[in-house]
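Starting from the given sequences, assemble the full structure and let the hints guide the process.
One-letter residues, chain by chain:
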Amino acid sequence: MVEAGGCSAKIPPKQLEEILRMIPVPEDPDILVGTETHDDAGVYRISNDLAMVVTTDFFPPVCSDPYEFGQIAAANAISDVYAMGGTPVIALNIVMFPAARLPIEVYSDILRGGSDKAAEAGVKIIGGHTIDDFPPKYGLAVVGYVHPEKIITNAGARPGDTLILTKPLGMGIILAGQRLGLTDHDEVSEVKKYMMLLNKNGAEIMKKHGILCATDITGFGLAGHVLKMAKASGVSLHLNMALVPLIGNAYRLADQGCLPGVSFRNLEFADPDTQFANGLDYNLKMIAFDAQTSGGLLMCVPENKTESVLSDLHKAGLPDSAVIGNVSEKVDKYLMISN
Amino acid sequence: MRTIDTRGQQCPAPLIETRRALKETRTGESFKVLTDNRNSLNNITRFLKDNMTEFTVDESNGVWTLTIIKKTAEMIQQNTDEYCTVEIPHLTKSDFIVAFTSDKMGRGDDELGNLLMINFIKAVKDLEVLPSRMVFYNSGVKLGSSDSPLFEHLQIIEKMGVELLFCATCVNYYSLEDKIKIGTLSNMYEIVQTMASASNIVKP
Numbered sequence: 005m006v007e008a009g010g011c012s013a014k015i016p017p018k019q020l021e022e023i024l025r026m027i028p029v030p031e032d033p034d035i036l037v038g039t040e041t042h043d044d045a046g047v048y049r050i051s052n053d054l055a056m057v058v059t060t061d062f063f064p065p066v067c068s069d070p071y072e073f074g075q076i077a078a079a080n081a082i083s084d085v086y087a088m089g090g091t092p093v094i095a096l097n098i099v100m101f102p103a104a105r106l107p108i109e110v111y112s113d114i115l116r117g118g119s120d121k122a123a124e125a126g127v128k129i130i131g132g133h134t135i136d137d138f139p140p141k142y143g144l145a146v147v148g149y150v151h152p153e154k155i156i157t158n159a160g161a162r163p164g165d166t167l168i169l170t171k172p173l174g175m176g177i178i179l180a181g182q183r184l185g186l187t188d189h190d191e192v193s194e195v196k197k198y199m200m201l202l203n204k205n206g207a208e209i210m211k212k213h214g215i216l217c218a219t220d221i222t223g224f225g226l227a228g229h230v231l232k233m234a235k236a237s238g239v240s241l242h243l244n245m246a247l248v249p250l251i252g253n254a255y256r257l258a259d260q261g262c263l264p265g266v267s268f269r270n271l272e273f274a275d276p277d278t279q280f281a282n283g284l285d286y287n288l289k290m291i292a293f294d295a296q297t298s299g300g301l302l303m304c305v306p307e308n309k310t311e312s313v314l315s316d317l318h319k320a321g322l323p324d325s326a327v328i329g330n331v332s333e334k335v336d337k338y339l340m341i342s343n
Numbered sequence: 035m036r037t038i039d040t041r042g043q044q045c046p047a048p049l050i051e052t053r054r055a056l057k058e059t060r061t062g063e064s065f066k067v068l069t070d071n072r073n074s075l076n077n078i079t080r081f082l083k084d085n086m087t088e089f090t091v092d093e094s095n096g097v098w099t100l101t102i103i104k105k106t107a108e109m110i111q112q113n114t115d116e117y118c119t120v121e122i123p124h125l126t127k128s129d130f131i132v133a134f135t136s137d138k139m140g141r142g143d144d145e146l147g148n149l150l151m152i153n154f155i156k157a158v159k160d161l162e163v164l165p166s167r168m169v170f171y172n173s174g175v176k177l178g179s180s181d182s183p184l185f186e187h188l189q190i191i192e193k194m195g196v197e198l199l200f201c202a203t204c205v206n207y208y209s210l211e212d213k214i215k216i217g218t219l220s221n222m223y224e225i226v227q228t229m230a231s232a233s234n235i236v237k238p
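Protein sequence lines correspond, in order, to chains A and B.
Residue 158 in this note's numbering is what sits at position 154 of the first sequence, and the numbering runs on without skipping anything.
Residue 44 in this note's numbering is what sits at position 10 of the second sequence, and the numbering runs on without skipping anything.
Please note: incorrect hints may appear among the correct ones.
[To be verified] Derived lysine-lysine pairs resembling DSS-like cross-links, with alpha carbons at most 30 Å apart: (1) A:Lys204 - B:Lys237; (2) B:Lys215 - A:Lys212; (3) A:Lys212 - B:Lys159; (4) B:Lys213 - B:Lys237; (5) B:Lys104 - B:Lys57; (6) B:Lys83 - A:Lys334; (7) B:Lys83 - A:Lys337; (8) A:Lys309 - B:Lys215; (9) B:Lys83 - B:Lys57; (10) A:Lys319 - B:Lys213; (11) A:Lys128 - A:Lys204; (12) B:Lys215 - A:Lys319; (13) A:Lys235 - B:Lys83; (14) A:Lys204 - B:Lys215; (15) A:Lys337 - B:Lys215; (16) A:Lys211 - B:Lys215; (17) A:Lys334 - B:Lys159; (18) A:Lys235 - A:Lys154; (19) A:Lys197 - B:Lys237; (20) B:Lys213 - A:Lys197; (21) A:Lys18 - B:Lys213; (22) A:Lys211 - B:Lys213; (23) A:Lys154 - A:Lys211; (24) A:Lys309 - B:Lys213.
Hints in this document: simulated from the structure, not taken from any laboratory.
Since we're looking at a predicted model, the values are computed, not measured.
Here you go:
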């Protein structure tokens, strides 16, 4: 199977924003979360105590093993429901597969990976759609539910909150390094392990502590998603890149110049709204824009809850969770990056 | 002048080659990079601008030629005068490890021991070949506490790719659970395994 860029296979964010601006979402008071805040999923109110969370995500292979690719794509698609505080329940497969060019076992392995990961999340895949296309692409359209008053959005960051990230960064860099033969096997397995890891436990801890604001980190990179959050919340977010956990040799690879093109597009998108501290380490700066596939949750946590949230995350199989910054009143720029 | 031909290469390979050449080139000297990929060209020029490196670009028949001048030390100095970060060099790791059994170096006067330990860790950072892991046990775990004067140095060493292992029992014993924000908490089994499989153990 040919490998490509996962969530880095997105349309450049700048372009996407311009296009979406031209296609307005219809007015409806039951649309609780639409496109204007660039959140992870849409939320639609069914009744006073029930809302649907809907989302979709699919991409070309990020690894050569089809079963693992299926799991990664499913974990990534379901993650958006978790990031909204929802409980995912059902999903549809979205598949593009070149039946004439690849063995059909590859197709079944991808679906098996997706189905196993969905089962782990308690999600039932009840249908899907396949068309012939090369390279293959796979993902899910996922439906979940949430109480309308308990939606976690990217618009609820409040000054004084701390920012906690649940998975380390560097997926894009290491996958690019792998394609160029610059990484070792262990490192790639580590990346795959993180990409296959559901954000389920992180989401449960957010619910337990009544967290109001979060997002998951995917193709726009940590800085890109954090910027969307800052804008949606009308505050400034401060990232300390020295505190961000990194996977394996991501720093060393970045230092060698192994920076995927998408990092530069993400940087361009965020540049006007970002202040980079004097002397910010260049590699850490670029790591902030590294596109993640099935990345972790980034949550805004009131300061008095930070310790207990962090300790719960560490106990729940997310030992890399760390405080990586904080929220302030809006200052000059929406995003401040230092180290 | 050295010419690096990256034609036909996909990103980020051309950037990697450029960065390597930039490191190998002596200050004041120039080199050329050829690329036929517009994305790579954009990424390389953005990288050069961000790193305040002078360059010119010429295009002919779909091939771009970048001429890159590595600045002299003084010129870079001017730009980094107010910078406070430590430069993180690109280094290699070996399979030796460092075991910190105490927060002081050697036995004798405690104040001297503290001072020596600070110098020791700063010196580790400058080694040509870094240890693969550093393990901290007994009062050694205090070195990794966020209020330790060595916290930032250890943070940088970790970013350089050295794994830091802190004995969890010791961290609990000294009530540092909330202050160890670098490395990983480890158990005795992993510590024994690390020490048993190391080619050399350095003990300050």
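Inset, instruction - Measure nothing beyond the straight line between the CA atoms of lysine 215 of chain B and lysine 319 of chain A; if it is 30 Å or shorter, mark the hint as holding. - result: holds, 15 Å
Legend entry - Given hint lysine 237 of chain B paired with lysine 197 of chain A - CA-CA distance at most 30 Å: Cα-Cα ~34 Å, so violated.
Legend entry - Satisfaction of hint between lysine 215 of chain B and lysine 204 of chain A, Cα-Cα up to 30 Å: Holds - the C-alpha atoms of lysine 215 of chain B and lysine 204 of chain A are around 24 Å apart, at most 30 Å.
Inset, instruction - For the pair supplied as a hint, lysine 83 of chain B and lysine 337 of chain A, confirm whether the alpha-carbon distance does not exceed 30 Å. - result: Holds, at about 21 Å.
Legend entry - Holds or violated: lysine 213 of chain B to lysine 237 of chain B, with C-alpha atoms at most 30 Å apart: Holds. Lysine 213 of chain B to lysine 237 of chain B sits at ~24 Å (cutoff 30 Å).
Legend entry - Hint consistency between lysine 154 of chain A and lysine 211 of chain A [alpha-carbon to alpha-carbon, up to 30 Å]: holds, 8 Å
Inset, instruction - Starting from lysine 334 of chain A, check that the Cα of lysine 159 of chain B is at most 30 Å away, please. - result: Roughly 38 Å between the alpha carbons, so the hint for lysine 334 of chain A and lysine 159 of chain B is violated.
Legend entry - Pair hint outcome, lysine 18 of chain A versus lysine 213 of chain B [Cα-Cα no greater than 30 Å]: violated, 40 Å
Inset, instruction - Measure nothing beyond the straight line between the CA atoms of lysine 128 of chain A and lysine 204 of chain A; if it is 30 Å or shorter, mark the hint as holding. - result: holds, 15 Å
Inset, instruction - Below or equal to 30 Å on CA atoms is what counts here, so check lysine 211 of chain A against lysine 215 of chain B. - result: holds, 25 Å
Legend entry - Hint consistency between lysine 337 of chain A and lysine 215 of chain B [alpha-carbon to alpha-carbon, up to 30 Å]: holds, 28 Å
Inset, instruction - Below or equal to 30 Å on CA atoms is what counts here, so check lysine 211 of chain A against lysine 213 of chain B. - result: holds, 26 Å
In this structure, the hints that do not hold are numbers 1, 3, 17, 19 and 21, in rising order.
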